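K.L.:
Chains as they are written, first to last, in the working numbering: chain A, 285 to 934; chain B, 872 to 972; chain C, 977 to 1472; chain D, 4 to 474; chain E, 6 to 184.
A couple of the hints might just be wrong.
Unchecked claim - Just some of the chain B residues that point at chain A, by a computed CB distance under 8 Å:
{"#": "1", "residue": "I883"}
{"#": "2", "residue": "I889"}
{"#": "3", "residue": "V892"}
{"#": "4", "residue": "L893"}
Please keep in mind that the hints were generated in silico from the structure rather than gathered at the bench. Keep in mind that this is a model prediction, so the values were computed, not measured. For every residue, glycine included, the Cβ atom is placed at its ideal position computed from N, Cα and C.
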Amino acid sequence: MNNLISHSYLILLFPLLSFVINGLFLCFKHRKAAAILSTSLSGLGAIFAIFLVVQFFISGAKPLTAWEFEFLSFSGNLIATIGCLLDSLSAMMVLTVSLIAFVVHIYSIGYMQDDLSSGRFFALLSLFVFSMLGLVIATNIFQTFIFWELVGVSSYLLIGFWYNKPSAVAASKQAFILTRFADSFFLLGIILLSYIAKSFVFSDINSLRLENFAGQMISLGIIEIPTNDALVLSTLLIFIGGWGKSAMFPLHIWLPNAMEGPTPVSSIIHSATMVVAGVYLVARLFPLFAISGNVLEIVMIVGTITMLFAAIIACTQKDIKRILAYSTLSQLGYMMLALGSARLTDGSVHTLGYTAATFHIFTHAFFKCMLFLIAGALIHQVHTNDLEAMGGLRKKMPWTYAASLIACLAIAGIPPFSGFYSKDEILITAYQAGHPIIFACALFTSFLTAFYMFRLFFLAFHGKMRSAPKHPVHESLLMTLPILLLVIPTIFAGFSFKNIFHHFFTPENITAISHNIPDVSFIPPLAICCAVLGIIFSYILYASPKANLAKALDSDNRNTFYKTIYNKFYFDEIYYTFVRQFILGGLASFARFLEEKIIGSLVNFFSTIIHKAGSLVRSAHCGYIPFYIGVMILGVLFWYFASNLPLQGA
Amino acid sequence: MTLLHCLILAFILFTIGIFGVLTNRHLIGMLISIEIMLNAANINFVAFAYFKAQDPTAGTLFSIFSIAITACEMAVALAILIAMYRKHHSLDVNTQEINHE
Amino acid sequence: MFEKVLLNLLWILPFLTVLFSIPIKENSPRLKRFHLASAGIVLLSSIYLLVRVFQNTVSNTSSQFQLLFETKFNWLNAISANYFIGIDALSSMMLVLAAIIIFTGILATWRLEKNQKIFFGFFQILAASVYGVFISFDLVLFFVFYEMEALCMYLLIAGFGSGNKDYGAKKLTLTLAIGSSMILAVFLGIYAETGTWNLLKLSDIVLPENFQFWAFPILFLGFAVSSSLFPFHFWSPAGHSAAPTAVSMFAAGVMMKMGAYGCLRIAIYLMPEGAKIWLPYLLLLIAFNVIVGPFIAMRHKDLKFITAYSSISHLGLIFLGLAAMTPIAFRGAALQMVSHGFLTGLFFATIGMIYSRTHTRDITQMSGLMKAIPFIGVGFVIAGFAGLGLPGLSGFVAEATIFVGSFENPSPLCRVITILAILSITATAIYILRCANKMLHGPLNIPKESLPQAYFEEKCIIVFYIVCLLILGIFPAPFAEFLDTSIFPIYSNLMR
Amino acid sequence: MIAIIPDILLLLFPFLMLAFKLFLTQAQTAHKNFAFAYLFILLICQNFVLIGDTQVYFSNWQIDTFGIFMREIFTLSALLALLLSENYFKHSMSEKPKLFHFSEFAASIGFATFGGVVVVSANDLLTLFLGLELATIPMYALVAWNKRDSEGTEAAIKYILMGSVATAFELFGFSYLYGFAGHLTFPEIAQALQTNQASPLIWISVLFIISGIGFKMTLFPFHLWAPDVYEGAPTPVTAILSVTSKSIAIAFLTVLVFGPLNAIHQEIVPFLALLAGITLLAGNLGALSQSKLRRFMAFSSISQAGYILIALLGNSPEGKYAIIYYLFLYTFSNYLAFFIFSTISKDQSETFISLNGLSEKSKFLAIALLIALMSLAGIPPLAGFFGKLQIFTAAAENKHYFLILFAVLNNVLALYYYIQVLKSAWIDKPAKEIALSVSTKQKTIILILTLSVLLLGFLPFLSNNLSIALL
Amino acid sequence: MILNIPFSDIVFYFVAVFMVLLSIAAVSSKNVLRSAIFLIASFLGTAILYLLLKAEFMAMAQIMLYVGGVVVFIIFAILLTSHLGENKLSTPISQKFLAVFLALTLLGVMAKFLFNTKELSESITQKSPEASSLIAYGERLLSYAPNGFVLPFEIISILLFMTLVVAITIAKKDNKEEK
């Protein structure tokens, strides 16, 4: 069995192979072949991942570096390697990513069958899977960054997959630039951290102790700060990377816009895997965060704000994929909140948040991916994203309907579906952390989640068809099968894996101190109540026979508050204004002004001066002999004084 | 009569020559001024030869040679002047055709 | 012995090619093939030499200068200048870069319709000049090769370029001439102080501190002119926008590196004291390149202007690496020289291909080209990704090394500029994506018939560069360690 | 005894020319060919004269290595000038009427060349002065050689009037020098300088002598005549003015500065440095936007004079070596340019515009022009660069770094205006097509000159031979 | 007091004033022929000065070569070219003013320089009479000694010959050429 771990390079090799073969040979002419190759390789990958992970957990889940080679050595210990770190966290992620990738591949065959460039799609999808797997098995933060960027670029390429569509192109650009903006801080953080820690390797970084740097100072240019603070700063900078990738408020705007991409892409990249990379990063560096001052509090606050903010917006949106996107944001907020609230008010750290967050990553991946696939199936049938145009699909797509009910119950947090367990853990963490307001927010968001999810559910499946579909609506096997496949983990991942997570998912180097644990037994019922309340509320508004759907869906004749929410708090506008006015109009224009008006005119000024001097010299050649001779005489006089010969005698 | 006086005299003549060259519009007038300048240089030589030099003969001989050279220069100059006169029928300094930008 | 002959042939062969191409019929296919074959031979020999040097250099961190395959004999006895050529790690890498760019440059000009003899002839002389620069270890010889390009640059740009070509050509040639003048003045000073032009001998001699103080900035800035360091960068947009594709590739890909190469190999190597005094202040100039460059690129619409400013900012990173004066940063600078050569070559090659089809370089007038010419579009995008430092392509390796290295320099200014430089990579992303999106994506606005698919030779160029970018991007470690053998002597000279 | 034979042969040359004119009136072509052959053979003879130490003939006729190489330059220049002038005697040009009296023309050039020989062989002030005059007076006449061309006459008038004023200054300078030293011979002057250094008389004489010779060498601000005269004179004369006249002037200065005045070399040097700097700047600025080729070459040669002067800042053997090396390469480059200009001057005036389309009409000429001008601009690997390099090296030995920096930066300006010419020849399209007829002979000469400019700098044999002899 | 001044000095100053005035007249006269005459007079004054400086040979040469040769040459040229001073050319007054200014500045600078040069006012060495004898000149002129003048003598003859050739070529009216 040890063989499997020693062959763990296959994790990366399958998708890479698929990418290379598809990208080089199949992508233009043989799109069918590309789809089959890609899917079968990802299937192999998923099977391998299952066996690997099972073997890993059976063998005790001891963290180990399966393989490693040197990528670039900087100096001494500072060696960037590419390797495979297997521990419970990465094993979980490998499993999740591989499974979802496989499912989404199958789904894509159906979803993309009419698209002529689907060969390219599969190539890029494989690139993404490769990068994502590379990211999760990273042994060191430099490798994380490498694959972090690669997932970013594959996300960019996939969002802009339909590059003829201007909105998709704009969205892809926005997504890339915003994450890139965050990544530049990430890189800075890595460099600062590696400068302090003299290593990139996670195990070294995670075993850093502030005491070791007591009294040392480090210069950051203008200011000089204690190394301890610099370490905290670097942690914060690294978190900013995760902030952008996980689309935390206020860098969140790219994620809803990224829904312009094909739906399989949204499901794998923008809900299940890539966007949790930020959470994964925090989890991966949890010991570092734990010692780094108030960074965890920042993580918590950012998570809470995003969670609430996104949920509020989700309640008003009509684009089915955007609702899911905001829901993703909200769930990511939950995870961040869980990680961030690991520190208790008395300063001690407990590990429940870590467990809860990783658990939620796991469960969320399945049900959210499924929801996206469902949304894709709907869109594929009705050819619109707009909920206003859907409705009454229950009859036409019974399997999809059933699956989506399960998914919605899961995300709403109704037992026994998986979402309940993980969300429950998060609520408990928030409560334990001793921040009542945050706990209240989380609870309220849980209500909102149930509300908007069922709003979506009711609007899409219940009621009457609000528009006539161009083609007859039916469920294709290739698209329904993946959805049904995902039902299994959505139902079982919660209670069956709960104990595994509690057992294996504790961060290294953290000795959990759990004293004065408050009574938390009231939380699960409370959470269920909230969720149920949300479902009822949305039923009344959108599905009950009395519901006035026209009014409920109307977005024009609403009060300012609703409109503000409907327009996502105008963050898109703020972003565009910022980019246009400040970056392009301000900084870039100033730079160009500097370049053209100042440097350019200096250059022109010099050349003018030289030309002027030239015409001055030429004007002396007037042809008038007495003038020439006069200049000669003057010249003698001139040199008499200017020649610095000692003419005046010693 | 000292060396200094002779040198000053020579230089006064030289400056008079310069003045002439600068103000005369007639080309032959300019040549005459140049003659005065060259002559002044000869005075210098002779004065130095008389008052100061260890090798007085050389200085005097130099000025004789210089007279000969002056003659040569004048001959060529006058030849050119005559050629020019044939073309322009004028010896005015201001007559000129070379185009200056 | 074979390597020695090969090394000498590197610069002689282009000249011979020009000589033997005189009787070939003008504008005939044979002429092109002849030049291509010659460039190919040079390319193969340079790769062979790289391999041989790689085999023969001892990977260690000693300060010993590992010069291989040297040829040395007396040349101009009056000023005791020698013909002294050799090769070491850095120069072998640069040689391969140059050979690739020359080879692809000839391919990129494959469809030139008239005056081929002149174009290829001058282009071969350019080639000879860069090969010479990278292998000569005698200052006079170095300068002869360094300045030789002025001979051909003007005519190549003004005769075969586009747009405001005379202006651009003059600006480029003259500004570069200012730089080389400064270099020559300092070389003469060095000779007067020491009595030798031999780089290796000179490195053992400590030049007087006062001399270093005055000479270093002149020499450094002189070299920096050709690498378009602020405020001497103004030639680059004008020159690149006017130049024909192959010359743009050459200028941005190799010529701009010659300056940085000189800064490292000569300025910093020979005048460590001056470097220590001045480089911290020169960082202020570098900051402009790195930070302001991308922002200017954002405001331009002309592809070549954008690329020119992109080159300016990337070369700023090279200088950041040099100015940081740590071995890692030096190595990063060296890597960036090679890496930027490849990516900018690809950039200009694809721009040339696009321009030859659309007859415009204004990105707002093009749209959806990816649909019509996907191969070229992909080439451009990959060049762009390499430019914005995507891992897996060489740009990332170089930039990360520079950042890690320059952060090791504890001086406040260096820290600030490193931090700003890291943050400014976002700006790079903005202009590159803006460019790609405007031009390649969106609906196609040009009739598809006027946009022929990439020709075979164009595909070759693109694939060639992508392979280079990938090799260096995925397996940087051997190259980095290889380059260290050239970097350490310089660094140890700095620390003595 | 052998060293003096070439001098005697050279002196015979003008007389033979005149004799030809008198006795063999019919054999025109043979006459010309004889002149070329004679000078060529003379050049070879001079080349074989190798002496180690300075030799003295007829009490004062001093032949040293420097002198021998200068003789070669003068003879080479005379030969090339005669070759260049051949076409101008055959038919009239668009700007200038046909030239007449080849024998007298050749004789005058012969005399002027001999004047140069006198300058480098002089051992006393008087001989030096006579040599200079012997070299200058025929030049006055040569400028006015074309009687039917009023521009030439006018230029000659300017030249001779100003030249005479310069001669007056020079004479004054000599008189003060004589007054200071009390002797005319160089060794005695040098000795006087050794024993009695601080006299202001020596400085004023240096000032006046340099002012006087500055006229001939076109140093600032005594250079004003050059563009007018260069433009007015027939092209071969312009060429010889820019090479022979300038070489003789620099030889004159070299003989003085490294000869009797060597003791005060260090004191003169700052003056020379200033003079060189300003001269080359003035020349370069003046040349910036010219449209006539000969006028342009005048400014170009003004700045070249500035460069040559820099060599005098060095020490004796290196400085002399640099001057000779530079002059050799300068002669080739300059004549190459003039030969190319002469090919277009048959049907067109010698302006930038007439060069238009040269690259279409004849790639060979266009490349030759490129090589000539880039060599003058000092771009490696062409000859001009190596000339400048030697000059700068000589100056750098005495640590004139600032001047060198200034001079090399001026090179950029020079490059600018040479590029302007190249632009006319390579880039600009002609308004109307005018056919270009170049004879095989001209082509051969241009080819030889081009190859010399290409190779003489880069290949070490010229430089090494010179350095073996001189250093 | 005044009696202490030697006779030669009185003559010197007299001749000096005379020369200066004549030279000024020569350069400022509008009529070129008159200028030439003044020039002759000035040259005669120079000859007297040479006599005072014990350079009799030089005085003789001055009269023979300059007055008899060069100036006559000039007069010939004047007679050949002008219509006996009919066309009077005048220069603008500003140019004259500038010329005076320039000339006086130069004079002032040089005078200051010469007065400041000590060795000039100090040196009153009289030369030995035999040095200025005609024989001495002749011997020096034809001497092959290191300080002999035989070589310049030869060269000046070449120079004169050359001048003849070129002057004739330039000045002669050539029928063949004119057509």
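K.L.:
Hint by hint, say whether it matches the structure.
P.N.:
Structure-based check of all given hints:
{"no.": "1", "hint": "I883", "in the structure": "15 Å, violated"}
{"no.": "2", "hint": "I889", "in the structure": "6 Å, holds"}
{"no.": "3", "hint": "V892", "in the structure": "5 Å, holds"}
{"no.": "4", "hint": "L893", "in the structure": "5 Å, holds"}
Violated hint: 1 only; the structure is consistent with all others.
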